[in-house]
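> Protein sequence lines correspond, in order, to chains A and B. Here this note's numbering is used: the first residue of the first sequence is 1, the next is one more, and so on. Here this note's numbering is used: the first residue of the second sequence is 1, the next is one more, and so on.
Quick caveat, the hints were computed from the structure, so don't treat them as lab data. Keep in mind the model is a prediction, meaning the values are calculated, not measured. Just so you know, not all the hints are guaranteed correct.
Stated by the list, open to error - Listed below are the simulated BS3-like cross-link pairs for lysine-lysine, each with C-alpha atoms no more than 27 Å apart in a straight line: (1) Lys119/B to Lys154/B; (2) Lys381/A to Lys133/B; (3) Lys270/A to Lys161/A; (4) Lys79/A to Lys270/A; (5) Lys381/A to Lys368/A; (6) Lys381/A to Lys119/B.
Stated by the list, open to error - Residues of chain B placed beyond 10 Å of chain A at every Cβ, according to the derived structure: (7) Arg20; (8) Ala28; (9) Trp30; (10) Ser31; (11) Ala35; (12) Met40; (13) Leu61; (14) Gly62; (15) Gln87; (16) Gly88; (17) Glu107; (18) Glu145; (19) Gly146; (20) Leu161; (21) Leu162.
All C-beta atoms, glycine included, are put in the ideal place defined by N, C-alpha and C.
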Amino acid sequence: MSEMEIKSSPMDQEAAGRSVRSGAPLREFARNLVTTPREFRDSLIRHGRPTSDRARSQTIFSNFFLHILPVRTHVHSIKAATTLGLGVATLVLFVLLCVTGVLLMVYYKPAVDQAYDSMLDIMHVVPTGRLMRNVHRWSAHAMVACVMLHMARAFYTSAYKRPRQFNWVVGMGLFVLTLGLSFTGYLLPWDQLAFWAVTIGANIAQSPQELTDALGVTGVFDLGRTQKELLLGAHNVGQEALIRFYVLHVIVLPVVATVLIGVHFWRIRKDGGLVRPSRADPPELPLCKGGGTDAAAASRRAGITASPAAVKTYGLMALMKDRTPAVNREMQNTIPTWPNVIYVIGAATMFTVLIMLVLGVVFDAPLKEMANPAVPENPAKAPWYFLGLQELVSYSAFMGGVGIPAIVVLGLALVPYLDREKEDYGVWFSGRRGRRVATVSALFAAVTVVAMLWFTVRFGWLRNWPSTSQVPQIVITFFNPGTIFVALFATWSIAVVKATRSTRMGAVALFTCFLVGFVILTYFATVHRGPNWDFYWSMEDWPVH
Amino acid sequence: MRHEINQLETAKRFQAPGTRRDFLGLAAAWSAILALVMAMLGAMRLPMPSVFPESNSKTKLGKPDRFASQSTTYFPQHRLWLYRDDQGFHAISSVCTHLGCIAERAEDGQFHCPCHGSKFDAVGRVTGGPAPKGLMWVELTVSPEGYLVADTLKEVPQGTLLHA
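Taking the hints into account, I'd like the entire structure generated from these sequences.
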């Protein structure tokens, strides 16, 4: 070893420097201090500015919150007509509800003698309390609407089909949870509307007694009573019920919903991204702008068919069943997720928040007088999304409140397993024939529902007619306007399946019927039902009392 | 090569019905599922109340002679109508049997529910609307001190009178 070599070793130089120049560590410390912000940023974001495709990919891939997104997204996915942004809007509303909800929890007290007072405090004393409550209430309504529209979008674009069947079921779970969150939140203000709407809801939970009584088995098997006691912790809505609804509303249901939302999003990735029609991927299409472009095009020109990424995908394919992202095609028609998809998500987020803020500033969430268990609200109307059910409940408590909703939810959840036709996915209504089926079905449902409602209002039902006034309850339970709708809709969709020889068309017919039925019943119960659940042309005709 | 054979054997084992190993595996899996279900049911026992806040459902309505013959008295707190006629007393709950709203008693003695339009006659029988059964007749007794006592959770057959 020569002297030269020893001298040139950096280790030794450093050691020598340390012993000789005592001012150096301090200077190093000062330098560290100055460069700390930059060093911190580099430790937080480990890649450079997203100016290259590689850095853009890393921006998505190495970020905990963004890594649920693919680094490249198909152009079809960010077109407005693909999703209408409804999924993102629903998520934004859920986050908005969590934030405003936690803020409201700071002042709200779930005790029957304090709850209403704390609501008044929130409305009139707490800084920004009124705005937070308004945004919370309007976001809750908007979330129910967005979930339903999102479901309709997924249905009409065939997004429930293989391999997305299970995610459709998860979505149904989220739909039910959203309604559960709304229902449990409805009691908390402890005003008249809350008390009586929940009294009705709890008695719907008890309504299986209608069936068990008719069968004479209530003594041994009293499902209705069990459900009501589980829900209320008492025989009537009171302190026990309030604390139960509070626990469900602020912890149990939000946590379950958060987990299911995670599963829902994760499955979108695992099921191959958003559904898209085959025409979005023509076999020979020039590469998109900004789409992966130079390297891919160069390798294609050079006749290289297997990029390193493709090899990796193939390795995964050995483990996976079914179709995987097409090897060598993953660059085609895709754009970097950063910034394109992020812009779209950001725009949908800002739009949703803006609408909710404007609603919250302009309209106050209603608060009636304090709950009074001795005097019912007349009419005691549930929130709009339950009003269609309330109309059905006015025919039969069990069928309207338990039977028909269960049939609808179960039927919707089973759609992907009953309709397995492999036509082109991602096309609204599956094309022209589907649009025609949907239009005709909508007309059929509208005529049926309006005619039945007119008949019921004009002539009443079995009990109002002398010859049938004494029919047993079980007849009314199974034969009432509500069950007739369901039976007619089912018959109609079976007829459509036969006529078109297509289960997809039958599903489109059935879904459209229920959607139209839901809308008309909701409108009818909102506008045309007044005190004593009597028919009125408008609210102005209601008797004054 | 060995890997392929293993795969083949695995495939065979899943196809062949009822080998001993399958049975033990399935038994273990189902035991685990059963244990989970039972644990869930056990946990669900907690929110099933064994004592109710309204457990003392008996209320003193007053001495019998407080109520004139042919009179009806309403007890809003207990949602109860008390009737006295020549034969005796009976009490009808005003809680609608449809969905628990409070039926209002009209001048003619009939009951109308404001929530979904159920109608009942003067003795609580259903005459219209969605109510599945008649209004509840509540058990009446006389306490040792001679007070009229109603148990709002105990139903008696329609027409039952307390002779007093």
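> Glycine 62/B: least C-beta distance to chain A exceeds 10 Å?
Answer for glycine 62/B: holds, closest chain A Cβ roughly 19 Å.
> Take a quick look at whether lysine 119/B and lysine 154/B sit within 27 Å of each other, Cα to Cα.
holds, 22 Å
> Hey, does leucine 61/B actually stay past 10 Å from chain A on C-beta?
Holds, since 17 Å exceeds 10 Å.
> With the threshold set at 27 Å, check whether the alpha-carbon distance from lysine 381/A to lysine 133/B stays at or below it.
Within the cut-off at roughly 23 Å; holds.
> Looking at leucine 162/B again, its CB stays over 10 Å from all of chain A?
holds, 23 Å
> Are lysine 381/A and lysine 368/A close enough, with their CA atoms no more than 27 Å apart?
The hint holds at about 12 Å.
> Does lysine 381/A pair with lysine 119/B here, judged by a C-alpha cut-off of 27 Å?
This hinted pair holds, its Cα atoms lying about 19 Å apart.
> Measuring Cβ to Cβ, find out whether methionine 40/B lies farther than 10 Å from everything in chain A.
The claim stands: methionine 40/B keeps its Cβ more than 10 Å from every Cβ of chain A (closest is about 13 Å).
> Regarding the assertion that glutamate 145/B does not contact chain A, is the least Cβ-Cβ distance greater than 10 Å?
holds, 27 Å
> Is the Cβ of glycine 146/B more than 10 Å away from each Cβ in chain A?
The claim stands: glycine 146/B keeps its Cβ more than 10 Å from every Cβ of chain A (closest is about 28 Å).
> Does the no-contact call for glutamine 87/B survive, Cβ to all of chain A over 10 Å?
holds, 26 Å
> Beyond 10 Å from every chain A Cβ: check whether that's true for tryptophan 30/B.
Holds: least Cβ distance 23 Å, greater than 10 Å.
In this structure, none of the earlier numbered hints is contradicted; all agree with it.
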